[in-house]
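K.L.:
Spelled out, the chains give:
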Amino acid sequence: GQQVMQIPQYQHVQEGEDFTTYCNSSTTLSNIQWYKQRPGGHPVFLIQLVKSGEVKKQKRLTFQFGEAKKNSSLHITATQTTDVGTYFCAGDDTDKLIFGTGTRLQVFP
Amino acid sequence: NAGVTQTPKFRVLKTGQSMTLLCAQDMNHEYMYWYRQDPGMGLRLIHYSVGEGTTAKGEVPDGYNVSRLKKQNFLLGLESAAPSQTSVYFCASSENTGELFFGEGSRLTVL
Numbered sequence: 012g013q014q015v016m017q018i019p020q021y022q023h024v025q026e027g028e029d030f031t032t033y034c035n036s037s038t039t040l041s042n043i044q045w046y047k048q049r050p051g052g053h054p055v056f057l058i059q060l061v062k063s064g065e066v067k068k069q070k071r072l073t074f075q076f077g078e079a080k081k082n083s084s085l086h087i088t089a090t091q092t093t094d095v096g097t098y099f100c101a102g103d104d105t106d107k108l109i110f111g112t113g114t115r116l117q118v119f120p
Numbered sequence: 063n064a065g066v067t068q069t070p071k072f073r074v075l076k077t078g079q080s081m082t083l084l085c086a087q088d089m090n091h092e093y094m095y096w097y098r099q100d101p102g103m104g105l106r107l108i109h110y111s112v113g114e115g116t117t118a119k120g121e122v123p124d125g126y127n128v129s130r131l132k133k134q135n136f137l138l139g140l141e142s143a144a145p146s147q148t149s150v151y152f153c154a155s156s157e158n159t160g161e162l163f164f165g166e167g168s169r170l171t172v173l
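Residue numbers (my numbering), protein chains in the order written: chain A, 12 to 120; chain B, 63 to 173.
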């Protein structure tokens with residue numbers, strides 16, 4: 012079955028530094044979604060990417076979908092303490108979403 | 063506007079006991095999902111449903127059963143709980159395979 016891997020598993024940064032998490036799928040995806048989960052909370056939808064090579068921005072967050080639609084990345088510019096949490100990608104595998112293992116981001120003030 | 067509601071939020075079971083987790087959504091979504099979350103494992107799909115009366119297996123279905131008798135409800139059952147089923151369970155719903163709306167989670171401990 013489809014597998015979705017994310018790296019790194021953990022990332023500790025100083026406030027103001029940039030952060031990037033990478034997502035790789037074993038199969039071609041029709042679309043990819045990104046979620047954020049705050050400590051003790053539930054995953055919350057951030058964005059969906061559909062087109063090959065697509066790039067979308069949300070304030071300090073930049074999302075990219077690879078040309079082959081098998082990988083994606085999330086980049087945060089100038090992290091803030093409010094960015095703390097675990098970031099998950101999720102790939103569409105025929106009627107269901109398969110989640111990556113997540114990247115836990117810790118931001119030190 | 064409740065969104066997705068899970069009950070119970072916490073439960074402690076002994077090995078071999080049975081229980082049912084209830085998920086209810088008020089957004090008229092066709093798709094519903096049950097995931098489990100364990101440290102370092104991300105979210106793993108247990109079972110899902112693409113409409114009332116339908117269910118399908120996900121990545122880790124063994125030891126669980128589900129039912130979708132009503133469109134707004136998706137039940138997850140454990141017939142004979144095992145310590146390996148200690149986890150946080152999340153229900154989610156969506157329209158097709160678009161944005162997932164998650165419940166608050168149900169924390170289950172099996173002793």
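Do not take every clue at face value.
To be verified - Here are the computed lysine-lysine pairs in the DSS-like style, where the Cα-Cα straight-line distance is at most 25 Å:
id, chain 1, residue 1, chain 2, residue 2
1, A, K70, A, K47
2, B, K71, A, K47
3, B, K119, B, K132
4, A, K81, A, K62
5, A, K81, B, K119
6, B, K76, B, K132
These aren't lab readings, by the way, just hints derived from the structure by calculation. Quick caveat, the model's predicted, so the values are computed rather than measured.
K.L.:
With a cut-off of 25 Å on the C-alpha distance, tell me whether B/K71 and A/K47 pass.
P.N.:
Answer holds: B/K71 to A/K47 is near 21 Å, not above 25 Å.
K.L.:
Given the hinted pair B/K76 and B/K132, is their Cα-Cα distance within 25 Å?
P.N.:
violated (30 Å)
K.L.:
Is A/K70 within 25 Å of A/K47, Cα to Cα?
P.N.:
holds (15 Å)
K.L.:
Holds or violated: are the alpha carbons of A/K81 and B/K119 at most 25 Å from each other?
P.N.:
holds (24 Å)
K.L.:
Does B/K132 sit within 25 Å of B/K119, going by the straight-line distance between their CA atoms?
P.N.:
holds (18 Å)
K.L.:
Against the 25 Å threshold, does the CA-CA distance of A/K81 and A/K62 hold or violate the hint?
P.N.:
Since the Cα atoms of A/K81 and A/K62 sit roughly 11 Å apart, the hinted pair holds (cutoff 25 Å).
Checked against the numbered hints given earlier, this structure breaks only hint 6.
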